[in-house]
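Chains C and W supply the protein sequences, listed in that same order.
So that you can map any letter, position 112 of the first sequence is 112 in our numbering, and since no number is skipped, the others follow by simple counting.
So that you can map any letter, position 204 of the second sequence is 204 in our numbering, and since no number is skipped, the others follow by simple counting.
Careful, some of the hints might be misleading.
Below, in silico cross-link-like pairs of lysine-lysine (DSS-like), each with a Cα-Cα straight-line distance of 30 Å or less [unchecked claim]:
no.	chain 1	residue 1	chain 2	residue 2
1	W	Lys-155	W	Lys-302
2	C	Lys-104	C	Lys-158
3	W	Lys-127	C	Lys-21
4	W	Lys-392	C	Lys-233
5	W	Lys-155	C	Lys-360
6	W	Lys-155	W	Lys-98
7	W	Lys-392	W	Lys-98
8	W	Lys-307	W	Lys-392
9	C	Lys-360	W	Lys-98
10	C	Lys-158	C	Lys-233
Quick caveat, the hints were computed from the structure, so don't treat them as lab data.
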Amino acid sequence: MTDAGNTKPAVAIVLPPAALKPIAWVRRNLFNNWFNSVLTLLSLGLVYFVGRAVLEWAFISADWRPVTHNPILYLIGQYPRDQLWRVGASLLLVSFLTGMSWGKWRGIMRSFALLLGIGLAILGIIPAGGQLGSLAVSVFLLTNLPVTFLGYLLGSRKFVTGSWVLGGWLISFLLIPFLLRGIGEGTMLPTVETSMWGGLLVTLILAIGGILLSFPLGVLLALGRRSSLPVLKIFSIGFIEGIRGVPLVTILFMSSIILALFLPPELRIDRLVRALIGMTIFSAAYTAENVRGGLQAVPAGQIEAAKAVGLTNFQTTRLIILPQALRAVIPAIVGQFISLFKDTTLAIIVAINELLNIGKSVLQSDVEFLQLQFEVYIFVAAVFWAFSYLMSFASRRLETTLGVGER
Amino acid sequence: MASSTSHRKSQDRKSIPFWRDERVLTAAAQVISAIIVIGGLIWIGVNLLEAAEQRGLSLGFDFINDPAGFPISESVIPYDDSYPFGTAFLVGLLNTLKVSIIGILLATILGTLVGLARISTNWIVNKIALAYIELHRNIPLLVLLFIWYFAVFNKLPPAKGSLELPGPIYLNQRGLYLSWPRLTETGGVFAVSLLVGLILAIITWVYLRRLRERSGRSTYFAGASLAVILVSAVLGLALSAWQPLWIDTPVFEGFNFTGGLRLTPEFTALLVGLVMYTAAFIAEVVRAGIQAVDFGQMEAAKAVGLKPMQILGLVIIPQAMRVIIPPLISQFLNLTKNSSLALAIGYADVFNVGRIMINQAGRAVPVFGMVMVTYLALSLITSLIMNLYNRKILISERAT
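Okay, chain W solo, but in the shape it has when bound (with noise of 0.2 Å):
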């Protein structure tokens, strides 16, 4: 018996010839798919040391300490031409920063609001969120930045006839002047004593929620948390004598505005732009998700008593949220990508001053490995907070 077997499996392999036999198959693929991927990647390689040594060119980032010697037109940290090109590139990857958290923020409210009017049973409210749709996602989103930068941000009046709009908010050719709230001397004392008020606001509210759970008692958890905010709140203002705060307006001033908030028409139109077009998707994203939760959720929710508020709040929007999440992960992915399109209006995010980098320093290589580096660790980043969130979210409904 055992000899037949060992008898038939030598004659199966006798029987196959290499060629067919799938086990070398396989690893005769992948050897080739290796060693052409490979292979190709090495004569990039040489081809690229070759016209680094022909052009001069270096592969090095030896470059990185050395003086950037241009100008950035806005910056969140203290930045000048003599500072050097590695922080020149950290200021154009705060800018990216800026721009795609402020965005995403606005993104999401806008296009929460359109999603929701999308579903309204209003008829003309629900074709002006359609309208709204339908205009920004069929024009590309260049041509948009193009009419809000040279079209529309260009041709405000100079700083003499600014637009001014409640607030006071000026609107001039050189940017968007904002009032501003500021901490006063003694702001500090009332910023940290509230930073400290919401930290034990949150451990309450975790607390109380979680005896909730294990008693089954009311432990008014909501109303505690807003109590502690309000006492430290409180507390805050009286040390800081009442004055946290003041309000920095701009003022014109000889021919130009002083103080307040200016943010400059490159950065309001970039932030316009990005925030419109993604919004549209994101109206997309949330009105499929709430229409994905069944009517028959609504109506058993009523049925066992839950006023409307709770509806929303406990059976709607955690439902919706399961099928909104993951395509809103990418359209935040998408706005962080797309505020690349800066350098079209010449605002200074990370690849515009990467391409300037390029220029002045003549490392073309290193630079560009740099910029897409920043943009992959972006994604991977994002993509991985937000999954994390989405897994809890999973979890979360197995354990009720």
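With the rest of the complex left out, here is chain C (with noise of 0.2 Å):
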């Protein structure tokens, strides 16, 4: 009796691990009473005929041509085929800049970094129809890898600070439009019209245009908002209720039509800057309810301590209150970075040339593509869909690598 006591929770502890876990975890997981079993099968059910249905459509009975005809449409639209380099230049200097973080901030940097020079590597070896299968276009896009790690080499050295880096990418950020658009005929970089842009890049510039112009003026508003000042306070109250209670498609709408009888018949402003103008505004008044989060975040006594020692009101928000507040919300803003990328595809209704646009005029270049709409709209979503799903992705991870440093 004394034995069986013993030897019983022995090989209860040995044998679950070893032998029983595959049928248990199927029993426990699908099959632990009547209902799960009936719905496990059902969803089964479900997952092989959607399964197959797909898989059937995409590799059989789907027609890609309107996608591999000439994926560099997708990517940059219009843009003079002559002046590529423009376009390599630019994504070189990106590659680099992420390089040199990688090498800097490691973290979530590397992954980022890395992704970014080997989807260009990848993208340059598939197999591609027009201009993005060309030998020059294929070895450019290859470079980026290895430019990536010189970068990265740069950024680990001790002497390269972080504000160099963070300088970096300002500097790239004001030289990259100078670049695409040009100064001018007869120079070495002649002008390229933004009507001619399109693409991904449009998209790209629309999304990280709008998110790097609306943070500053949306971490004024929130200021404002929380002011003591009355006026201040409803003035700030207004513009972000009142740009929060309408939809992002009438304030495009707006910024790039209306706006024009706003302003002085000499002011004549570029479709695409309308648009970005229209993208900020919508996106401050969101950023501005962020970072009011981010500033009620701040306890009250680090406010108190700032004025205890001294510290002007000036000098209280500039260096206690808004670092704290600024870094609590470093999350929320990618969310709404994300959101606003998928946003971009708004700006169809006021003809501009992004992704969504350029999949819908490739239907109409081609009689043989005209009723290939599913496959093209699928494309543009997997497209979308992979660039948000790893940005959300990164951003759970942002969080967790903030949270650490936090304690």
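Two independent chains are provided; combine them into the complex using the hints.
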């Protein structure tokens, strides 16, 4: 009796991890009662039929010619092909800076840099039609990876400080639009009107430009909303709630069409810039609400302590409140960037050639493509899905890294 | 003593120059910001008036009674192109409301189901829900709408080869044809008596519940209200000669279907896209809300002997609702605002009608103002109603 009592637990401890695992797992997670069993069988049927239909369609019946025919259209639109090197140089600059950020900050930047470099390299290797298939473009896409590593080597040096890298990013953001737009005829950089830009390039310009430009505006609005000065407060609340109460389409429509009426006739603004203004105004209202959350997270004791050591209001805000508040809202800002990235598709309504619009025009470019809406839009959806999913994955990792830094 | 403090005060005032006096600075900041904002608005207004004069634009609302002169593909109220602009705008507004309200209802149901699947212990159900959510949250709504409208609903067979679903429901290029119950001639009596019964049942419910709370006895309020509804329904049936409803089934005649309830492909595509997209977000809200209820609450409820349904209804749901409601409101608002994407697939919502009105009437500014104010009002009203409901939930928590 006592013997049996002694051996039984020993067996019980040894057995489960070894033999029973898969079956026990299936039983516990899929067939633990009759209701779950039925549910499991139904779900398996659903997965089987949907999966089979999707695979059969994607690999057998789908006609991917509108995508493979000229993939570079989806990347840069009608940008003159003899000026391709300017887009390439911008891309190399970004690769280099991403590499430097990787060397400087490690963590999430590493995955980001490697993903960018390897992704571009794969794009260079895969067989593709049109210009993207040419040797020069392939070689160029492949050089991005070594350039990233070069940036990494430089960035991991001791004498390169974080402000160098940040400065590099800032300069490149100012430089790239110039590089792409050009400075005039007869020079080395002939003008390329923004109406020629398109595809993923424009999508990224609208999203990145929108979030960067809206950030300072959003911070000011958030401070205004929390301000003790009634006039500032009312203006800020009015702006934030007014913008958040209407759809982005109406704001884009307003900035593209109605804005011209509000400005003196001699002031003509480029169409892409007008769309960017709309995106910025829209995004600023949401940034303001995110930053307000961060401001509320700063303990009141911090402000009292700052006052006690004799900092002025301005100094308290700049040195004590904002650094803590902004750090707390980084994940929220990344989330907002993702939704802004998705929202760039709405620019199609004001005739901007972003990714979705390129897809639409590819359909009309050839009689044989007219009926291939499913293929084209699924491809566009897949591109957006991949970008947004990777970004939200990155932001989840970023949240954990930030959490570690805060104990 | 008194003289010394007043002396020090005056010295203080003298020692702080006005550009460092906080009161002066705050006042100055407000005046300057007010001047900038109001100045900016005036500048815009002057430009607008100049532009209006130069291009012969009018800023008044006098056009509202002129005939609109354009057709609208679908309308809840009678409309054709001889009706005035004001009616056209109302048609757009009602279309927006139609798709938003039906969309909110369906999205809430689907979102709750997916959210519950997400917390299911069944591994495969859980992962299917996760796949659904990740698929919809990472693709722009407009791309989803393009897929639904251009790649699915426009690719359906013509009326002759319609897809037939049980119901019968027919699906073809011209839209979705549903069998729909309609009132017979005597059906009005039935509807009225059912409505009266419903009101009486609510009164019974509230009264008996209060009675129970006051007296502590069982008052069988649920059973009593149900009985009231049943009695009134039977009475209504009898009065309408047992023929209150007839089913209007779509029938294929000549080249098209007649009868039944027809939903246009634009409306159906927009509705399906909005519902499926918003449901993914609502699912996350529901999952987070239920997971926010502490596990100890359920154990405590079991320990005091509540039945499973009581645990769900009295312990879990009331607490989860408090977490769920605020983000749910913003999802409802998002759905309403997102319905403006109707423009891209040609559904005549308020924004789309407004855009056509701008072209027809040439009054960009007033029409656009009307559209913006409409959306703002919709947002404010929705959040007002939901906030009232939210407050009710919060107070009831404190009372018990």
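Structure-based check of all given hints:
1. W:Lys-155 with W:Lys-302: 54 Å, violated
2. C:Lys-104 with C:Lys-158: 9 Å, holds
3. W:Lys-127 with C:Lys-21: Holds, at roughly 20 Å.
4. W:Lys-392 with C:Lys-233: Satisfied, since the Cα-Cα distance of roughly 29 Å is no more than 30 Å.
5. W:Lys-155 with C:Lys-360: 16 Å, holds
6. W:Lys-155 with W:Lys-98: Holds: Lys-155 (chain W) and Lys-98 (chain W) sit about 25 Å apart, inside 30 Å.
7. W:Lys-392 with W:Lys-98: Judged against 30 Å, a Cα distance of about 27 Å means the pair holds.
8. W:Lys-307 with W:Lys-392: Since the Cα atoms of Lys-307 (chain W) and Lys-392 (chain W) sit roughly 26 Å apart, the hinted pair holds (cutoff 30 Å).
9. C:Lys-360 with W:Lys-98: The hint holds at about 29 Å.
10. C:Lys-158 with C:Lys-233: 45 Å, violated
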